[in-house]
Amino acid sequence: MAASESMTRSAEGEAARSRAAEFLLRRHYFRWPEALPWLIAIACFFVFPDRMTFGSQLLIMIMFALSLDLILGYAGIVTLGHAAFFGLGAYTVALASMKLGWTEPISGVFFGGAVAGLVGIVVGWFILRYRGLTLLMLTIAFAAMLQEGGNIRSDFTGGYDGLPGLTFDPLLGRFQYDLYGHTNYWYTLAALAVVFFVVRRIVYSPFGQALTGIRENVRRMHAIGSPVHRRLVTVYAISATIAGMAGALFTQTNAYVTLTVFDFDASAKVMVMLILGGTGRLYGAFLGAAVYMIFEDKLSKMSPTFWQFGIGLMLVLAVMFANRGLLGLGDKIRARLARWRAP
Amino acid sequence: MTAALDVKGLNRSFGALHVTRDVGLSLEKGARHALIGPNGAGKTTLVNLITGVLKPSSGNVLLNGEDITGWSQAERARRGLARTFQINQLFRGLTVLENLCMTIGERDSNCNNMWRSAGAKRAVIDEALDHLERLRLVDDALKLVRELPYGRQRLVEIAMALAQKPRVLLLDEPAAGVPSSETHLILDVVAALDPDIAVLIIEHDMDVVFRFAREITVLVQGAVFTTGTPDEIQRNEKVREVYLGQEHHHG
Numbered sequence: 001m002a003a004s005e006s007m008t009r010s011a012e013g014e015a016a017r018s019r020a021a022e023f024l025l026r027r028h029y030f031r032w033p034e035a036l037p038w039l040i041a042i043a044c045f046f047v048f049p050d051r052m053t054f055g056s057q058l059l060i061m062i063m064f065a066l067s068l069d070l071i072l073g074y075a076g077i078v079t080l081g082h083a084a085f086f087g088l089g090a091y092t093v094a095l096a097s098m099k100l101g102w103t104e105p106i107s108g109v110f111f112g113g114a115v116a117g118l119v120g121i122v123v124g125w126f127i128l129r130y131r132g133l134t135l136l137m138l139t140i141a142f143a144a145m146l147q148e149g150g151n152i153r154s155d156f157t158g159g160y161d162g163l164p165g166l167t168f169d170p171l172l173g174r175f176q177y178d179l180y181g182h183t184n185y186w187y188t189l190a191a192l193a194v195v196f197f198v199v200r201r202i203v204y205s206p207f208g209q210a211l212t213g214i215r216e217n218v219r220r221m222h223a224i225g226s227p228v229h230r231r232l233v234t235v236y237a238i239s240a241t242i243a244g245m246a247g248a249l250f251t252q253t254n255a256y257v258t259l260t261v262f263d264f265d266a267s268a269k270v271m272v273m274l275i276l277g278g279t280g281r282l283y284g285a286f287l288g289a290a291v292y293m294i295f296e297d298k299l300s301k302m303s304p305t306f307w308q309f310g311i312g313l314m315l316v317l318a319v320m321f322a323n324r325g326l327l328g329l330g331d332k333i334r335a336r337l338a339r340w341r342a343p
Numbered sequence: 001m002t003a004a005l006d007v008k009g010l011n012r013s014f015g016a017l018h019v020t021r022d023v024g025l026s027l028e029k030g031a032r033h034a035l036i037g038p039n040g041a042g043k044t045t046l047v048n049l050i051t052g053v054l055k056p057s058s059g060n061v062l063l064n065g066e067d068i069t070g071w072s073q074a075e076r077a078r079r080g081l082a083r084t085f086q087i088n089q090l091f092r093g094l095t096v097l098e099n100l101c102m103t104i105g106e107r108d109s110n111c112n113n114m115w116r117s118a119g120a121k122r123a124v125i126d127e128a129l130d131h132l133e134r135l136r137l138v139d140d141a142l143k144l145v146r147e148l149p150y151g152r153q154r155l156v157e158i159a160m161a162l163a164q165k166p167r168v169l170l171l172d173e174p175a176a177g178v179p180s181s182e183t184h185l186i187l188d189v190v191a192a193l194d195p196d197i198a199v200l201i202i203e204h205d206m207d208v209v210f211r212f213a214r215e216i217t218v219l220v221q222g223a224v225f226t227t228g229t230p231d232e233i234q235r236n237e238k239v240r241e242v243y244l245g246q247e248h249h250h251g
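Chains G and X supply the protein sequences, listed in that same order.
Numbering of the first sequence is given in my numbering, commencing with residue 1 and proceeding in unit increments.
Numbering of the second sequence is given in my numbering, commencing with residue 1 and proceeding in unit increments.
Hints are supplied without guarantee of correctness; some may be wrong.
[Unchecked claim] Derived CB-CB ranges, DEER-like:
| hint | chain 1 | residue 1 | chain 2 | residue 2 | range |
| --- | --- | --- | --- | --- | --- |
| 1 | G | Leu337 | X | Leu144 | 19 to 25 angstroms |
| 2 | X | Arg79 | G | Trp125 | 56 to 62 angstroms |
| 3 | G | Pro33 | X | Gly65 | 53 to 59 angstroms |
| 4 | G | Arg200 | X | Gly40 | 47 to 53 angstroms |
| 5 | X | His184 | G | Val194 | 54 to 60 angstroms |
| 6 | G | Asn323 | X | Glu75 | 45 to 51 angstroms |
| 7 | X | Gly40 | G | Phe197 | 43 to 49 angstroms |
| 8 | G | Leu133 | X | Gly40 | 27 to 33 angstroms |
| 9 | X | Arg146 | G | Phe197 | 28 to 34 angstroms |
| 10 | X | Gln234 | G | Glu22 | 34 to 40 angstroms |
| 11 | G | Asp297 | X | Tyr150 | 47 to 53 angstroms |
[What the hints assert, rightly or not] Cβ-to-Cβ under 10 angstroms is the rule here; a few derived chain X residues that face chain G:
| hint | residue |
| --- | --- |
| 12 | Ala77 |
| 13 | Arg79 |
| 14 | Phe85 |
| 15 | Arg116 |
| 16 | Val189 |
| 17 | Val190 |
| 18 | Ala191 |
| 19 | Glu232 |
| 20 | Gln234 |
It should be emphasised that the hints constitute simulated quantities derived from the structure, not laboratory data.
We put the beta carbon where it would ideally sit given N, CA and C, even for glycine.
The following block holds chain X by itself, in its conformation from the complex (with noise of 0.2 angstroms):
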């Protein structure tokens, strides 16, 4: 079986400075990957350079085996690859419903149309608002973005991302910027993700990443220092050494 998503040896440097060096990952369908690492490792990097915000100095990146490494961000978007932001990218001066249609429209190349009213086509305000209240949204749903606290906004980051009807979502720390008193919000949303999406999440709280990921990928200093299921990971004491240790006592 092709893999949803397969990165084969990216690298990419700024000046002199090698930010990824040789990353290997491979997701199949419906997995369930995290990606873990200390401050600096380049994880986000990572996720610009499969998004294609990045291009790598070298290597390729594969979605369901179509190697897209030259594709624009949005040709990936639109054969399925999703994502969130680490920190909130919405339309802050839009409602809630205004940025799931926009999604929507994209997705379905509605926005090619400059004579019928936006609002004319009740089956993506319907969408819009399933996908809004799958996250408990629509009560906020004519609420400027700006005006939701940041909790809040986050959720909408990610029923963005679901609105794209993704086959592969990364999940940038979803949960990064929520009030501890919020956090359960965005878990349950993450773990009850379609099964048949992959999904790679990057993750600081180790609490989220072994209830979530069936495999994690550790990166440090650019570079994949290795993979494993939530145990092997947990039992390795390298993996301790270079970040468990530091961070978290778990287990």
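Okay, chain G solo, but in the shape it has when bound (with noise of 0.2 angstroms):
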């Protein structure tokens, strides 16, 4: 029958089969605007020389942010504690230089990633059986949980005066690690630029796709035969990883740590940029993490003491007119352009 179907099939109905075919087929080839963060980050190089210490911080934001967008935008996992991960991952690399002598920068990085995404495994694996208010609770409880032991633990952790003056060897064993950052600058530039093109494959992928299935309809997802908590705790697992690399550099850059990498004050932090930015789209990650801290940076210049005004004031009029971030906004601008260009 699907023979005689498809021979009968007029010219037409061949041209909108290959039509809708061609869309999937090309969804995830890299188109050139892709290209312009990379081209800024770069440039950046050179414009502010001065301010790379800065940018090392926005760089490693933005790759916490990324992992977040993995769960929070593709999978629709809502969490307030994902700073758990990035802390993880920072103590790691800190614990690690200090009582093992693992002073190895790029190892030490994959190390704490590892530590944060085991331990978002058993994690992930409990409480992914909850959505919702739930889940959001549970999220919150473990980041309080993991920085309450941390200073119950203060002779180990160095609590919340931290571990200072932490040591790793020169990148590759060449590159020292100079006052101005640009060492580092270019090392997290490195670092994010790796983690950016597996999370885009990951997205891309038929796990991608079952990710953003489970985001939009559970049920139907149950009903297809998808084994749907081994993909949330997969994708869980593989989030926290990414924050733990992420909470790693933020370590290694500084040369220093506290128990504020815990804080819920970081957790709230991370998913502010990304609703600011987009949710569900990777670049989203990029620019609500650029905008919030240069923001913050400029605004805590002017004002010491009423920059959060500031902060308050850009989220209030986001979400009254760019209630899918920044890059939805840039979306309805364009179809705005484009209707108005052809009448």
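Both chains are given apart, each in its own frame, so use the hints to dock them into the complex.
Following this line, the structure appears as structure tokens:
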């Protein structure tokens, strides 16, 4: 029957078919605007050579926000405790350097990511049976427990005074860390590029598609035979790994870490950045983190006491006029312009 | 021959409310079985018990002779038990084509792959388009589901279930919410289903039921009132009293 159908298919039907197929076949292709954030990052090195320490911190926040986008934007897991994994990576690297003498930076980042990822599997397996507010509370509770645990053993973790003066080997055994943070900037940029490439592959893979399915309609996913819990735990662990790597880079570039990395504020901030930029589209993490951190930097210099008012105002405006983030606002403006040009 | 689907002594209570009472039901391969009954008779609850959305308080569900009572929804689905929902359950923010590809991807366990691009498997896209073509949905392939009129969304709902290549298909009021001018589209699809699939349909429209079904089960207050051929059901005075008489005068 299928054969006779295809034989009687009209030329028009054939065209509609190939149009539809082309869309999916080409969707994951790289498009030129995607080079833009990387070109800007490279240009920044030459335009603001004395702001590279800030630049590294920004790149690390982008990586952290990207890890959140994977679970929040794609799989629809709402969490206000993602700093737990950032902090795990940060402390893994710090303690490995202090207690074990593991001072090689690149393997340290992978080690930090691995520890965070393994914890992500265990925690995810328990908490991802729940959704909505229950899940939200559990993520907050987990981060708070880690922080409090670190506080109890402050002899080991340095508590809120932190572990200062950490040392790491020169990068690749050659590049020393300079006062201006130039080495760190290229180091974090390279790490972000690698992580971004992996995340991009994942979201365009069949697995990534299944994640959007879980976000869009979990009842249907169960009905078509998807192992939903396994998928969620898997992506949670991947996201935890990336958050841990970002935390590891944070410790290495600052040579210092305190328990504030586990703060509720840190979890909330990364979520605000992502939502500000736009969720579920990768580049929202870049734009959101950049806008937020640059605003924060400028405002805190303008008014050291009231700068948070400016951040609050920006968020209110974003919620009112760009409820799908700045990238969503961009889409809206482009659609308006297109309509205006073609009456 | 083992039945494609066998339901034995199924009970389910929500607290003191006994919603499903000792229900037994059997579908042979290729069955065309209708489940009718007044509102609140427990029809959708029964579908949820069969598909594993709910766990029964007691009783068993057998798929091709295998006891699946303890299985999850997803395990049942992968073994060939598919359903449509009374109210559409689709990926509304994705395109129609993506909805179908997702179903095929999960059916064939493609979705375990994290590295290959989703568009790289041409065979999946082609199969998805075949399913859409059969339901005349190719022109809507690239539209988001939420942009489609409800009647066409209903067709996507059915296309999804068929893309699972089920051996047993449960249709929960497939024409519900569809404007009457478009119901024939749905009914044609239902009438043209693969004769090997065992189909259980829940439907309120008696014209549809009597045209489609070779066997009918009447459910009243959670229990099987009677089971029989369309003729037997039509002639049964008691069925007329509890159900047919109230809503439709048929024949």
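So, going through the hints one by one against the coordinates:
1. Leu337(G) x Leu144(X): 19 to 25 angstroms: 21 angstroms, holds
2. Arg79(X) x Trp125(G): 56 to 62 angstroms: 25 angstroms, violated
3. Pro33(G) x Gly65(X): 53 to 59 angstroms: 57 angstroms, holds
4. Arg200(G) x Gly40(X): 47 to 53 angstroms: 50 angstroms, holds
5. His184(X) x Val194(G): 54 to 60 angstroms: At 56 angstroms between Cβs, range holds.
6. Asn323(G) x Glu75(X): 45 to 51 angstroms: This hint is violated: roughly 39 angstroms between Cβ atoms.
7. Gly40(X) x Phe197(G): 43 to 49 angstroms: Distance hint for Gly40(X), Phe197(G) is violated at roughly 55 angstroms.
8. Leu133(G) x Gly40(X): 27 to 33 angstroms: 31 angstroms, holds
9. Arg146(X) x Phe197(G): 28 to 34 angstroms: 32 angstroms, holds
10. Gln234(X) x Glu22(G): 34 to 40 angstroms: Since the Cβ atoms of Gln234(X) and Glu22(G) sit about 52 angstroms apart, the hinted range of 34 to 40 angstroms is violated.
11. Asp297(G) x Tyr150(X): 47 to 53 angstroms: 50 angstroms, holds
12. Ala77: 3 angstroms, holds
13. Arg79: 8 angstroms, holds
14. Phe85: At 8 angstroms from the nearest chain G Cβ, Phe85(X) passes the 10 angstroms test, so the hint holds.
15. Arg116: 6 angstroms, holds
16. Val189: Since chain G brings no Cβ nearer than about 14 angstroms to Val189(X), farther than 10 angstroms, the hint is violated.
17. Val190: 17 angstroms, violated
18. Ala191: At about 15 angstroms, which exceeds the 10 angstroms cut-off, the nearest Cβ of chain G leaves the hint on Ala191(X) violated.
19. Glu232: 33 angstroms, violated
20. Gln234: Given a least distance of 33 angstroms, the restraint on Gln234(X) is violated.
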